[in-house]
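Dock chain X against the given chain G, drawing on the hints supplied.
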Amino acid sequence: MTNPGSPWPDAAVLLGGDTSRLPRDERSPAARMIQLRLWQHLVNELLKQKAFKVPVHLAFGAEAVVTAVDESMAVDDQLVLTHRNAAYNMARADSLEGLLAEYRSLPTGACAGVLGSMNLAVPTAGIAYASSILGNNFSVACGLAFAKVLKDEAGAVWVVTGDGAAEEGGFYEALVFARSHGLRVVFLIDNNDHSMVSSIRERRCEIRFDRMCEAVNVPYRAFDSNDVITYVAGLRGVRRELNEAGGPVCVEFRTALLNQHAGPTPGWPTDPLSISLAAGLLVGSAPRDPVAVLQATIGAESFGRIESMLAARTVARVSNEANHG
Amino acid sequence: MGKYLSSVNEIIAREVNRLECALVYGENIDRGSYLSGLSKNLTAGSRRRILNVGNCEYTHCGVGFGVMLAGANAVLFVKQLDFMLLGMDHFVSTYGLLRAGQGLDRLGSFTIVVAVYDQGHQGPQSSFNDVASMCSMARVSGFTVTNLADATAVAEQEIHRPGFRIIALTQKSAGEDVFAPQGVVHSGDCAAFRYFVGSDLTIVCANFSLRNGLALRAELAARGISSSVFSVNPVIDPDWRLLAADAERTGAVLVLDDSKGLMGLGHRVCEFVSRCRSVQRVHLVNRPVDIPFGVDLEEYAVPSAEAVIAMLGLRSTSP
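Order-wise, the sequence lines are chains G and X. With positions in the first sequence counted from 1, the corresponding number in the numbering used here is that position plus 2. Under the numbering used here, the second sequence has 295 at position 315, and the numbering climbs by one with no breaks.
FYI, nobody ran anything at the bench for these hints, they're computed from the structure. On a predicted model such as this, the values are computed, not experimentally measured, just so you know. Any given hint could be a false lead.
No farther apart than 35 Å at their CA atoms in a straight line, the calculated lysine-lysine pairs in the DSBU-like style are these [what the hints assert, rightly or not]:
#1 X:Lys(-17) with X:Lys59
#2 X:Lys240 with X:Lys(-17)
#3 X:Lys(-17) with X:Lys20
#4 G:Lys153 with X:Lys59
#5 X:Lys20 with X:Lys59
#6 G:Lys153 with X:Lys240
Only chain X is shown next, with the shape it has when bound in the complex:
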């Protein structure tokens, strides 16, 4: 079994290498560690340029929108999500204007592929991890890929689609064995992926919390509680019907969101499932506002099985 980062890189590179008339660019993308492996396996073509560029992230984002405006394609590889805060003006203002003036069908494709560093030891400054809030400000779609199934679906569909999106990977899983689920069902817009179907509880994982959701599912199963597991993405006008149907069936929803945002995707999911018929118990687990520097953020990401059983009033069959 391959590792998470190298496996997802292969999937993304395969789709980028299929693009025609494309600018593929970023800082140090074709040398050194290849952004810790994020930008490996990219190949130039007759009308596809691989470009190592200087350090000017704001301009890189504007260049991508200019290429897109001209009907060509752009893929920008970025080492760290924090750097993309410098591009917010373009995400919000430039893309807003292009959508208003041109219409998506006349635009090329612009994708930012970026890693999220939030293990907790990089420093208070370098730890921005809230992909959904960034997308929300600009009303653009984002995808936090965590496994082979969602990476394949997102890359195959989104990298070739006109318009702009952000595809984010998590550095904290870089060297781990990649999760390769079978039988995954997802919505057409990649807003929701279902990995397991259970009868007692629906676990919804936002940002990069799927690994926590899967671990919790196993713990709950050992106590006789059967859980469905979903991951969700911050997509414009998301198709969450799969999620709604499951929540209505189990009647209990636990939402995990490991982002640091105060009003992020997890809140939005809670608001959505709360309006579903038969759903009476909804609980959000997210990170506290004040997280001390240097701690393992995993400690803050997920409650114990016992805590979940108590907070949602689930019936454990274990002794």
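Just chain G, same shape as in the assembly:
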């Protein structure tokens, strides 16, 4: 059932399979981030098997940011995403089943198989909207935030973007609009230095988001350690600030994109990027891979315990499915 030297099942066995969630007493941010990495691996293995018609945009390397956002959102908060939303949907829904069915366009999907991958927004998980048009989601987030003012509702709106989408004029317009009207919006820039396969240096001049925010009087915070524990504490602080001082606020994370833009990694026979669950959960080294950063932070023994627990539950689930198959 497992490959020699790895606690993880052979990728082929996972086709059509799912994994079990962590038990209730093992739901620390660190453990949940490892679970998120595992789920991204599972989807990547399924993508290799061409299990879905829809393109899925995974986010290996962004797990610390995603986990911190999930841990920091208040009950009344809403999340507005981009096409690279798979990891956020996994974390917020805390389940893989509905997403896999959605990617298969099944009526049992998280959004009845209607939204597919790039527009997937599971409303019951606090995700209001996900756009595959770069720069499209900022103004919609502002509208959602304004509705909270009109309805005298609590909560903030978190809108996620990348360094590519933040090049769009809509980003600047939304910053101005949110600042002008004091909207409780968290602009969250996942700066992974890539827009598809172009690095920032390859496609444009530098944009100093800190100075851009300063110009329109929007508070700006930056994080670059890839340490999920630091990120959770930092974003919870940002959220508290928003409650006390009002909005908006802009947060920039420096991350690494460790997988291909869309679809499986590797994406072609000579692809220099390669990800395989059989090789373990890590796909890079610290500080680029937040899972490697976590492993160094909590120690190999603690990390191994969580990994083994997830592996046992995954293998048990796969075996169970095989027995009933």
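Quick look at chain X alone, frame taken from chain G:
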């Protein structure tokens, strides 16, 4: 009798002022000329905000859809239809996604009220007037209001309805006496309005060509030809049964479309009436592709009565 723009403004403002939990916004909507009168008479309420906003039309459109997604209401006043080309991404992509994911019954209402400037002297750039083509790209409903009857029906029904629509007024009629027809009959979805019933010809007016259609009807009447007159709106899945019944009765249809679109609402009406029983003569009059700058576009909007009589083979009783 009141003027067109001020009268239609009063009707629209009355309905907007009835909205609860609403964001009413636009550039300079509460000061100066009030967008040449388009946004006068708006009042704030306990959960209705009147908001003067900066110049970022793309964001304004997205904000409206965000408000709508949250179940609240939004009305965006825009000075000129040209500016709304910047919002096309939201009309097409954002609204398409919201309709797929949420269902209309869970959404609030979002209405854009906009003026169309196409008198011909603003410049080659500022003259976009094809409301129907804009609506067609996004599969949304639009309404080109030209008189008290259609303005009242559209405002009362649409501004309170969940979902998105565009209500357009024409600047070229701004200072004219408003047309206040009596006995107007319209379809439930405001896709077709009938103003007159005749026996020889059905005149169908698309975009803002009703004034031309009414003038032509009078000219034809002086020559003994009796015409029905309709205006139509680019509504999703339009109910044009009124129009079909009239066309089948007269057997001759003249479609006027003063938009600059090449494949606009006028073409769609022609295709529709051509499939009606007993309709043998259909003619579309629209603007030529190449219109020189600075001319009075009215010259291009409507043929003479004699030309209509000839092209449709009508029998004039005048000498």
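To see whether the hints hold, each was checked on the structure:
{"no.": "1", "hint": "X:Lys(-17) with X:Lys59", "result": "18 Å, holds"}
{"no.": "2", "hint": "X:Lys240 with X:Lys(-17)", "result": "26 Å, holds"}
{"no.": "3", "hint": "X:Lys(-17) with X:Lys20", "result": "14 Å, holds"}
{"no.": "4", "hint": "G:Lys153 with X:Lys59", "result": "28 Å, holds"}
{"no.": "5", "hint": "X:Lys20 with X:Lys59", "result": "12 Å, holds"}
{"no.": "6", "hint": "G:Lys153 with X:Lys240", "result": "42 Å, violated"}
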